[in-house]
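Undergrad: Take a look at the letters that make up each chain.
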Amino acid sequence: VNSHYDLLQNRVANLAPIRDEDLEPLTHGPAARALFEEIVSIPRSQRARLASRVGRVRGGPVRVGVAAAAAVFLLVLGLVVGSQVLRPTEAVAFSVEGDFIVARIVDPEATKQELEAAFAEHGLDVQVILVPASPSLVGTVGAMYGEGGNSGTVEILHEEGACFTQGGGDQCPVGLKIATDFEGRFTIEIGRPTASGETYDLATEAFAPGEVLHCSGVRGKTVREALPVLADRGIRAIWRTIGKGDDVRGIDPGTIADYYLVDALARTQEEVWIWVSSERPNFNPELTAMLDRGC
Amino acid sequence: MGQPYRRRGLLGELPRDPDPDRDQRARFQELYQAHFARILGYAMRRGASAEDAADVVAETFLVAWRRLEQVPSGEAARPWIYGVARRVMANHRRGALRQTLLAARLAREITPFEPSPPNDGVDALAAFRALRPADREILGLASWEGLGTTELAAALGCSPNAAKIRLHRARRRLARELVRLGVDVKPDRSSGHVHQEGVTAPPEVREVP
Numbered sequence: 001v002n003s004h005y006d007l008l009q010n011r012v013a014n015l016a017p018i019r020d021e022d023l024e025p026l027t028h029g030p031a032a033r034a035l036f037e038e039i040v041s042i043p044r045s046q047r048a049r050l051a052s053r054v055g056r057v058r059g060g061p062v063r064v065g066v067a068a069a070a071a072v073f074l075l076v077l078g079l080v081v082g083s084q085v086l087r088p089t090e091a092v093a094f095s096v097e098g099d100f101i102v103a104r105i106v107d108p109e110a111t112k113q114e115l116e117a118a119f120a121e122h123g124l125d126v127q128v129i130l131v132p133a134s135p136s137l138v139g140t141v142g143a144m145y146g147e148g149g150n151s152g153t154v155e156i157l158h159e160e161g162a163c164f165t166q167g168g169g170d171q172c173p174v175g176l177k178i179a180t181d182f183e184g185r186f187t188i189e190i191g192r193p194t195a196s197g198e199t200y201d202l203a204t205e206a207f208a209p210g211e212v213l214h215c216s217g218v219r220g221k222t223v224r225e226a227l228p229v230l231a232d233r234g235i236r237a238i239w240r241t242i243g244k245g246d247d248v249r250g251i252d253p254g255t256i257a258d259y260y261l262v263d264a265l266a267r268t269q270e271e272v273w274i275w276v277s278s279e280r281p282n283f284n285p286e287l288t289a290m291l292d293r294g295c
Numbered sequence: 001m002g003q004p005y006r007r008r009g010l011l012g013e014l015p016r017d018p019d020p021d022r023d024q025r026a027r028f029q030e031l032y033q034a035h036f037a038r039i040l041g042y043a044m045r046r047g048a049s050a051e052d053a054a055d056v057v058a059e060t061f062l063v064a065w066r067r068l069e070q071v072p073s074g075e076a077a078r079p080w081i082y083g084v085a086r087r088v089m090a091n092h093r094r095g096a097l098r099q100t101l102l103a104a105r106l107a108r109e110i111t112p113f114e115p116s117p118p119n120d121g122v123d124a125l126a127a128f129r130a131l132r133p134a135d136r137e138i139l140g141l142a143s144w145e146g147l148g149t150t151e152l153a154a155a156l157g158c159s160p161n162a163a164k165i166r167l168h169r170a171r172r173r174l175a176r177e178l179v180r181l182g183v184d185v186k187p188d189r190s191s192g193h194v195h196q197e198g199v200t201a202p203p204e205v206r207e208v209p
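Listed in order, the protein sequences are those of chains Z and F. Counting in the numbering used here, the first sequence runs without a single skipped number right up to 295 at its last residue. Counting in the numbering used here, the second sequence runs without a single skipped number right up to 209 at its last residue.
One thing to keep in mind: the hints can contain errors.
Unchecked claim - Just some of the chain Z residues that point at chain F, by a computed CB distance under 7 Å: (1) Leu-26; (2) Thr-27; (3) Val-102.
Hints are computed from structural coordinates only; laboratory data are not their basis. Everything numeric in this text was worked out from a predicted model, so none of it was measured. A virtual CB, placed ideally from N, CA and C, is assigned to each residue, including glycine.
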């Protein structure tokens, strides 16, 4: 049996179109270095830091057990105490379409408990993680993962035009499509509102509808033209130039006053990363139409 | 140990500015350097374009940075990070670095590394592609990424026993597809299993409750 499996394993191995060794030189490349600097410049989330603290505090199974029991007690208390704590039918709207249960998040500010209770009411074992999101992505699905057991599927439900995402354009992830025969547990990340200064885990184009630079008119303008608009909106810009590994803290806008604004990513309510180019950008009309919707 | 964050590593000299997360940064740097090509290869072997592969790399390492406390130490980090990459690919995660200009820049560096056709025959590729995505994934993780049963379990988020069974079933289905397409697979005559047109079918494995 083993030799048979070895043979199959070799068959599959031979199908690999590229090997890690071939890609190893890219680890040393400028883009990999820039990406590394970019990532470590991003503050690690409150959630991660909290998990770290909890990890250190928890000394053993007794404490974990107590904590778990307390959590269950609080959940039960919340369910019993009632409507002001849990509003499952308001947090998520459910319908059936063919072989799928369609779950659409309708309360963008619903709590984790409300969302999980809403799914549980429909027999769905879903863990919700709320992640800090830029304004237009609050209440949208940022990620979904988990094991689906041995039947059925879970897909993200999209609605055209409800928001703009960098990965999906105007296909906004507003909920889930869950096969009626699905058995299993999964986890979804849903965008939540942030406090001032809190870094977004889920972010999109700052020029998109609902975002801090929507309808600002500075996309494609020069840095010199944009600075007063940004100041007027109380935005702190971290300037980057395209194709260069700029310092993670940004560059002096005075040195790029005649450069053009090409791309922008919201980082916090107050801070935006803005990429500029010395060449006048030639924007895709379809993308521009999506970003300028409502202006 | 000295000051590892000031060593000249693969990424060059790191800044000497005050940094409250120096230990985490040093640990992340090790993780990044050890797995950058692996995660890039993982994405490209699964058909990701240069742009998508760049996104997967960026998002996977962003998750690793943010959840550094959860990353197991030593060799156990490898299946953990493959597990993240797998979820990033499967669920179209839209994180902060997805399709940014930085990822686009990385994509430009990736483009010259175009995947080459497989060494095996066209029929073997057809048999592999005919499998369900879950089967292709576990076979790929085992053969391309070289994960053992325990590592497969960590990457897939299941028990080692379940991983073993899934891998076995995937191999069995691949063998059947190969038979169906008439691909010659040398039989293991010592195993004593039934031969089908010159191919040995692997034995059934019962799922352990």
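Undergrad: Now tell me if each hint is right for this structure.
TA: Hint check:
With its C-beta approaching chain F no nearer than about 6 Å, Leu-26(Z) sits inside the 7 Å limit, and its interface hint holds. A distance limit of 7 Å between C-beta atoms decides the matter here; for Thr-27(Z) the minimum to chain F is near 4 Å, and the interface restraint holds. The interface hint given for Val-102(Z) is broken, as the beta carbon of that residue sits about 18 Å from the closest beta carbon of chain F, more than 7 Å.
Of the hints listed earlier, the one the structure fails to meet is number 3.
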